[in-house]
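Hey, can you work out the whole structure from these sequences and the hints?
If you read the protein sequences in the order shown, they are chains A and B. Using the working numbering, read the first sequence as starting at 49 and increasing by one per residue. Using the working numbering, read the second sequence as starting at 14 and increasing by one per residue.
Incorrect hints may appear among the rest.
[What the hints assert, rightly or not] The following residues of chain B were derived to be distant from chain A, with all beta-carbon distances above 12 Å:
#1 T18
#2 E21
#3 T25
#4 L32
#5 T41
#6 Q58
#7 L59
#8 G91
#9 S98
#10 T119
[Said to hold, decoys possible] Cβ-to-Cβ under 8 Å is the rule here; a few derived chain B residues that face chain A:
#11 F31
#12 G54
#13 E55
#14 G56
#15 L57
#16 T84
#17 F102
#18 G113
#19 A114
FYI, nobody ran anything at the bench for these hints, they're computed from the structure. None of the values given here were measured: they were computed from a predicted structure. Beta carbons: idealized from backbone N, C-alpha and C, even for Gly.
Next come the chains, spelled out residue by residue.
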Amino acid sequence: ETGVTQTPRHLVMGMTNKKSLKCEQHLGHNAMYWYKQSAKKPLELMFVYSLEERVENNSVPSRFSPECPNSSHLFLHLHTLQPEDSALYLCASSQDGPPVTNEKLFFGSGTQLSVL
Amino acid sequence: GNSVTQMEGPVTLSEEAFLTINCTYTATGYPSLFWYVQYPGEGLQLLLKATKADDKGSNKGFEATYRKETTSFHLEKGSVQVSDSAVYFCASNDYKLSFGAGTTVTVRA
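As structure tokens, then:
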């Protein structure tokens, strides 16, 4: 248990659906991250929030919409996804915002997303 | 910028076998290097790290040495167990964090 909880663990959705992924951290950290883990590809950083402000957005399509209502919660809203968006979506947190060294990142278990 | 390239998997081996997973990095400076492990159904956990050339990181029987001359940080374990079955990620931190694609390791009894 790393103190970062993601729900749901698994999600299957159609291309016309709207769904949300949730991440909650119980560590008192100030920064939260969304990563995409696709098979045989490097982990891709999608979004970074520091003190509830978005500080990084790595050319992610607009069908992914993040929301950080407070420093403990992070959401990823999904709409009109494509099959190639199927992946494991990982949330992470760190005490301080970027730049941050790897050992200060705490990861959740991820949401395995399948888009049909 | 910095990046890492690691050995493609999957890797399947028997208990007590020797494991090596290759990782090389590119960087403009002198990055810190890391190995992460992801057990089934879990998030990434830091396994070990090295912050400068010739440093050796070690944990749970795993070792990796920071080799500046070959820009490598290969992960090794002398005798694997079934419980070592996981996905292993090499990562670097120059001014930005970079992760490799992961290598799936399956250890059979």
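Hint by hint, here is what the structure shows:
1. Under the 12 Å C-beta cut-off, the non-interface status given to T18 of chain B relative to chain A is violated; the minimum distance is some 9 Å.
2. For E21 of chain B, the shortest C-beta to C-beta distance to chain A comes to about 7 Å, within the 12 Å cut-off, and the non-interface label is violated.
3. Every CB of chain A lies more than 12 Å from the CB of T25 of chain B, the least distance being 16 Å, so the non-interface label holds.
4. Interface exclusion of L32 of chain B from chain A stands, the closest Cβ pair being 19 Å apart, more than 12 Å.
5. Residue placement check: T41 of chain B keeps its beta carbon more than 12 Å from all beta carbons of chain A (closest about 14 Å).
6. A beta-carbon of chain A is positioned within 12 Å of the beta-carbon of Q58 of chain B; the least distance is around 7 Å.
7. Remark: the non-interface label on L59 of chain B conflicts with the geometry, its nearest Cβ contact in chain A lying 5 Å away (cut-off 12 Å).
8. Annotated as non-interface, G91 of chain B keeps its C-beta farther than 12 Å from every C-beta of chain A; the closest such distance is 24 Å.
9. Once the 12 Å rule is applied to beta carbons, S98 of chain B is consistent with being away from chain A; the minimum gap is 17 Å.
10. Separation of T119 of chain B from chain A is adequate, the least Cβ-Cβ distance of about 15 Å exceeding the 12 Å criterion.
11. At about 24 Å, the closest approach between the beta carbon of F31 of chain B and any beta carbon in chain A exceeds 8 Å, and the interface hint on this residue is violated.
12. A hinted interface residue such as G54 of chain B counts as satisfied when its beta carbon comes closer than 8 Å to some beta carbon of chain A; here the least separation is about 6 Å, so the hint holds.
13. Evaluation of the E55 of chain B hint against chain A yields a held restraint, the C-beta minimum of about 5 Å falling below 8 Å.
14. Nearest Cβ of chain A to the Cβ of G56 of chain B: about 3 Å, under the 8 Å cut. The hint holds.
15. Of the supplied interface hints, the one on L57 of chain B holds, with its beta-carbon coming within about 4 Å of a beta-carbon of chain A, less than 8 Å.
16. This hint is violated: T84 of chain B has a C-beta 17 Å from the nearest C-beta of chain A, more than the 8 Å allowed.
17. Restraint check, F102 of chain B versus chain A: the minimum CB separation of about 7 Å is within 8 Å; hint holds.
18. Look at G113 of chain B: its Cβ gets to within about 6 Å of chain A, closer than 8 Å, so that hint holds up.
19. Nearest Cβ of chain A to the Cβ of A114 of chain B: about 5 Å, under the 8 Å cut. The hint holds.
The earlier numbered hints that this structure contradicts are 1, 2, 6, 7, 11, 16.
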